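Residue numbers (the working numbering), protein chains in the order written: chain A, 1 to 108; chain B, 1 to 995; chain C, 1 to 415.
Calculated directly from the structure, the hints in this document are not laboratory data. One or more of the hints may lead you astray.
Here are the simulated DSS-like pairs of lysine-lysine, each with C-alpha atoms no more than 30 Å apart in a straight line [said to hold, decoys possible]:
1. C/Lys53 - B/Lys137
2. B/Lys903 - A/Lys64
3. B/Lys893 - B/Lys682
4. B/Lys691 - B/Lys487
5. C/Lys211 - B/Lys268
6. A/Lys46 - A/Lys97
7. A/Lys29 - B/Lys676
8. C/Lys142 - B/Lys161
9. C/Lys142 - A/Lys108
10. B/Lys487 - B/Lys497
11. C/Lys53 - B/Lys903
12. B/Lys137 - C/Lys211
13. A/Lys29 - B/Lys161
14. C/Lys53 - C/Lys267
15. B/Lys790 - B/Lys691
16. C/Lys267 - B/Lys137
17. A/Lys97 - B/Lys441
18. B/Lys790 - B/Lys239
19. C/Lys351 - C/Lys211
20. B/Lys676 - A/Lys46
21. B/Lys691 - B/Lys903
Keep in mind the model is a prediction, meaning the values are calculated, not measured.
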Amino acid sequence: MLHIYCPICERYCDETELVCGGEAHIIRKDVTNNDQEFYDYLYARKNFKGVTFERWRHLFGCGKWFHVSRCTINNQVFGSYSIRDSRPPKSLLTKIKRLRVDFKGWIK
Amino acid sequence: MSARLPSGGSRINRRKKIDFQFNGRRLKGLEGDTVASALLANDELLVGRSFKYHRPRGIYGSGEDEPNALMGIGEEGNFEPNVRATDIQLRENLVVKSQNHWPSLSMDFLSINNLLSRFFSAGFYYKTFIRPRFAWKYIFEPIIRRSAGLGNAPTQEDVEKYEHVHFETDILVVGAGIAGITAAKSFQDTGLSVLLCEKDSEFGGRLVSDSDELEREINHQVLKKNLETLKSCENVSVKLNTCVTGVFDHGYVLAIEEKSGETNSPQKILWKIRAKKIVLCSGAFERPIVFPDNDIPGIMLASAVRDYIEFYGVLIGDRVVLTTNNDDAYKTALKLKENGINVPAILDARKSASSNLVKKVKEEGIKVLFGKCIGRVEGKKRVESIGVCAVNGQGSIEDTIQCNGVAVSGGWVPNANLWSHCGGKLEWDKKNGFYKPDHNKSSIGHDGEPNMIALGSCSGVFTNFEIQDQVPRKINQLLMGMKIKSKRSFEKNPFRKEQFSADIPVFILPHGAGKDIEKRMFVDFQNDVKVTDINLAALEGYESIEHAKRYTTLGMATDQGKTSNINGINILSKYLGRPVEEIGHTTFRPPYKPIPLGVIAGQYSNKLFKPTRKTPIDAWSETNNAKWEPVGDWRRAYAYPQENETISQTLTREVLNVRNNVGLLDSSTLGKVLVKGPDAAKFLDLIYTNKMSTLPVGKCRYGLMCTEAGFVFDDGVVARLTDDTFLCHTTSGGSDRVYAWFEEWLQTEWFDFEVYVSNLTEQYSQINVVGPNSRKLLKRLKGISLLDSKLPFMHFAEGFLDRIWVRVYRISFSGELSYELAVKSNDAAVLWEKLINLGNDFKVEPYGTEALHILRAEKGFIVVGDETDGTVTPQDLGMNWIVSKKKEDFIGKKALNLPFLNKKNRKQLVGILTLDEKFVLPDGCHAVEDGRPIGHVTSTYFSPTLSRSIALGLIEEGHSRIGSTIEFSVSKTESAFGKLVDPVFYDKEGKKQDV
Amino acid sequence: MKKYSVFSIAKEAFNGDQGWEKAWKKNEPKAEYDVLIVGAGGHGLATAYYLAKNYNITNVAILEKGWLGGGNTGRNTTIIRSNYLQESSIGIYEKARSLYESMSQDLNFNIMFSPRGVLMLCQTEHELRAMKRTEQANRLYKVDTKMVTPDEVKEIVPIININGPRFPVLGGLWQPRGGTARHDAVAWGLARKCSSLGIDIIEQCEVTGVKSSQGKISGLDTSRGPIKAKKVCFVVAGHSSVLANLAGFRLPIESVPLQALVSEPIKPMIDCVVMANTVHGYLSQSDKGELVIGGGTDGYNCYSQRGSFSHVEETVRALVETFPVISRLKQLRQWGGIADVTGDRSPIISKTPIGGLYINCGWGTGGFKAIPGSGWATAEMIKEDNPGSLAAPFSLDRFVEGRLIDESVAAAVAH
């Protein structure tokens, strides 16, 4: 039962208030892209075992989407940040590197 | 024989007798008894049968580690199987039945399994019953199923109520023994909120009950003083009778509170606790030593023997032998002696021991035999005598001692169950022979910091003196980690340092036991796992502890291996010749103590199970005989049958009334999402396959939404309320999904758009007035003009009808002249009743969802979810006209170009007219060509309007097959033939709706 | 391989059970094999078994990082059924079901396949129509199912409440030849047979690297040293993406927790498997007497093999509502597995961007029922370096083409 910080409500929320929207920072593809690129966008997932970056929504709360970095092995949560960020903030990446030796940096 | 002592028993009230029934016989117990203590007081030593061999079994423990004494408790709606007799309070007239025997407990025919046990070694069923193939299903498995299982299945609905409670705390302390109490009070003045949960009804754990005469007064005083301090701690809440049973991610903890007494209130409460830090003070279990014939009734854990005397004044027997490897069991000897019980001998596996406790026992005149253990137990349904043998020998009997009770102790092992629920690791303590919490590998909170510490005996620290030393120190460390300063100073340790002779970790005795002896040694009592079973598993290569466990079922019984795990691991280790730490251990999983399924469901049953969404018109429909159907979370009126009507007569009447007169439909469940802002039009152009930006204010347009994969996702009519405001209607089941979809795209992809969306589904209710007489009917209400010139087809108008504000949409899902009236939900019921009573000459009648579906099918309109199933594109539906070619982008545009979505042989929507006009194709019926399925029917009805069967279907290359006749496979033997036609069966030109 | 039978049991019983052999040999890895299978779960073992049985390819090693059968094979709710909607799904699941029927005899190991029937409830009109469509598809593709009425549902499962206030039972889809099997036994039986056919089973051997040259596989690095092979197949449910990442490509897969639980054992109260998809729960009773309960997946990716209690709660609530008499039975333990869920919820049996490297994954919540069919199809693909008719629909490129196999259309949420 995860406890995740909603940066809009500025409080920790029970998992049952939230929904997870999967991998973060995927760039949408459209008719200008080829089928393989479209596949990468729509289906191919990193699905990392370890530090991940994902989208969550505070569904039963403020209703807002935000980004979260979490470890998929032990569920450690490293931080939440704006849904508008197109990549994880530098400060967060520094923090994760400090906390986790296995983290090799964010991969696009 | 077991019996009640003339005096003593701290938990019982000797003046209050309680009647109860055991296997149909009336017995008497005392207030404060558990079922177990009451049975023992009545000399009921035999209380159950084991799972596999149906061997006689007696009460073995005094708490939740009890493997044997499982009972069926209560009757009818109160019946509960598999209840530990040690765990349940005796109540007046309680009905108690032992389990797993036939015809009776004392004479059980299935105990023949015991005689055949040599054939039933571990895994025997994997090796046999293989041929002939049918025999497993028809002969062997039914026999196994009948003889397996323990208690009887309940047959009646549970009469009890349950409830859930949510609680947040900074600190959760698990267990109110001396460690837990000391821990809880250490948080005084820290400003942290503390919850202390104790599974028992009393504080103090074993502190007072386990102390000898000398210590008793001191311990009692310490407890009293600590409890007083605790009471004065305003930040500490205490829950007794509350067993913490599961630990999950990020400090989420489950506990079950047992209430007793008040009727009509919940008897069990599930606490859902979110704790920042968990302080585990869950104590320890006494571990048995495995010896030959160790499962005969009358053999009991030494601590349990003590508990029954201390708490209930009950004795296991009047001649009790002890077998042990540690000092603690000597306390039991003294307790027995204190109560005038004969203790013929203590068999101590150690070479010698000289602590004060041992000395004292010797002074009492009790014979202590060092280096000895039990080599044999005589007696079938109760112990009659034991044979003494040498620890290091092969089990040859040197002496026989008459006795009717055996107390066994292999030392205490930490109860670290909760520690490992959520990833905490255990380490092997070689010196003491047990697994204990590894503080370097505890579970973590969301921040990645350790969120649990273990204190007291669950951490492997056992004496009061050491605990008193450990707890404040560790709590201080915890507080420092949380950057909180404690104002408390360390108190002087009130306990005196105890001197113990060291235990020697022994698990099975005698050491040199051969196979013949090992097969009489039980490790897991309930599942009848013997030493030989574990050895056989290892011999056959099931060497991993997980394999051995699954192959032998060791530790998989209702006690989850509380008494058997450590012994099992050591037996495996010995057989394989590998150190225990290499063998590892199986994972403890929630729950620590089994939770009734009804408690997990909580109060959310019956009407509170997924509460029904109801429209404002629901009550009217209910009183007017509506037949209901669930649609998403809503319930909708399926039809409104009148007296003496069959359902098909009802549907025919409702449909024809709409076609010929006027009908009313409650369509309030229709999803309504408001989209507003300067970029609203731009946004909707991306959401819908067709263009919405060109929609003029005051008009409506039908729209389709696709997923990014190109499949139809939802549909509905969009109305442009103002230049920057659109109201998007969705399917009834789809409103939440569509609203969430809008939010997701707006917040995560197009966050630079200036658009707000709001789900107004419940703010507006909707009434459809449908049929050629609808305009005439509505004219009778004063207010806005509904003339075709004022409100043409596919337009809407706002204003008042009979002083009720409405937004009237001139749209049609039936093909008839139709007005859909949106009103504020508060006004819906009033307007509905007005309309229903408005024209007796018109015979206004309500119609339900099924008539709605027939009407739309006649008109060839799709229903998302019927004609589409998540794999259907707009082209498949013949709706190319709605897919914009001009727009550069919309959700799904790219995918609609993918090769597979443009293949020639895709299934396409067509109308189907069966050659036999009266024959309605069955739901889901498939079209076949040369026996190969080429598509299926999506909607199929008898059309009252056309007085013939009609259907819609998705058929391979359907559009080019129009005009041809194809075969439909109706059943194994029957086929029907249908002509493929355009899906619009009724009023193709669309004249009727546009008048 | 020492034969298992009632006679060998009797003989050994009088011999003190001293004559039994190891069920499977504990092999040391050789330097090179013809085929390496990564993952000694049901699917991996079945793949190796059919390589040997159907094609006589036995210079094969199965590498397992933990203990054999310790992944989803040993963690599922053991349901076997084939009442699917789409032709390609029916193909592989029905093949598997029919192979299960004779598996005990094939392996000389009683896997306790128990065709006690699988009943899928219909609790909305929409679900009822969807199931009728499935029934029709099943009949045409030769799967034995039939729709039953609410009264027949009650007859098959007397403890069910068909008149619940919220979701009354409107009917059910009944597959009499579906059922359950003993999951561990499937793994052990396959392992024993593979071992006897000369296949090496190497436990405690973790893959740490994938070696390839010029787009073709050449071998694997493992925690027990490098092993060469020209053909390698990943069959590692729950870790498919991890190995794919090692090999340098990404899969259309997310790994999510899936939980199950059992009650304490009680005397028989329900004979068949019941699945209630509208309320998200399914239930059967094991031969040991435990109610075996499963539900839907958790909503986020996780490799921890444990999930959130709220999902257990939702499942149990649904089942107590559907079977009120189970209210007093107690949950004994719960556990989690890692379900690899694909973009269309259907599995992948496919070649990969690397030549000679194959993958079998993405069975989501329903892999157990497919084990022998999946092994059969995967073995064929490895032998021919091309998927046969069973596997072809499940290739990876379907996602690029848009050729999805979406079973959720049949309202079959759970497996």
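Hints versus structure:
1. C/Lys53 - B/Lys137: Holds, because 26 Å separates the two Cα atoms, which is no more than 30 Å.
2. B/Lys903 - A/Lys64: violated, 40 Å
3. B/Lys893 - B/Lys682: Satisfied, since the Cα-Cα distance of roughly 16 Å is no more than 30 Å.
4. B/Lys691 - B/Lys487: violated, 70 Å
5. C/Lys211 - B/Lys268: violated, 58 Å
6. A/Lys46 - A/Lys97: holds, 19 Å
7. A/Lys29 - B/Lys676: holds, 26 Å
8. C/Lys142 - B/Lys161: violated, 47 Å
9. C/Lys142 - A/Lys108: Violated, at roughly 47 Å.
10. B/Lys487 - B/Lys497: holds, 27 Å
11. C/Lys53 - B/Lys903: violated, 39 Å
12. B/Lys137 - C/Lys211: Distance ~48 Å between lysine 137 of chain B and lysine 211 of chain C Cα, so the pair is violated.
13. A/Lys29 - B/Lys161: Violated, at roughly 53 Å.
14. C/Lys53 - C/Lys267: Not OK: lysine 53 of chain C and lysine 267 of chain C at ~40 Å, beyond 30 Å, violated.
15. B/Lys790 - B/Lys691: holds, 25 Å
16. C/Lys267 - B/Lys137: holds, 18 Å
17. A/Lys97 - B/Lys441: holds, 20 Å
18. B/Lys790 - B/Lys239: Not satisfied, since the Cα-Cα distance of roughly 71 Å exceeds 30 Å.
19. C/Lys351 - C/Lys211: Answer holds: lysine 351 of chain C to lysine 211 of chain C is near 16 Å, not above 30 Å.
20. B/Lys676 - A/Lys46: Distance of about 36 Å is beyond 30 Å: violated.
21. B/Lys691 - B/Lys903: holds, 26 Å
Checked against the numbered hints given earlier, the structure breaks hints 2, 4, 5, 8, 9, 11, 12, 13, 14, 18, 20 and satisfies all the rest.
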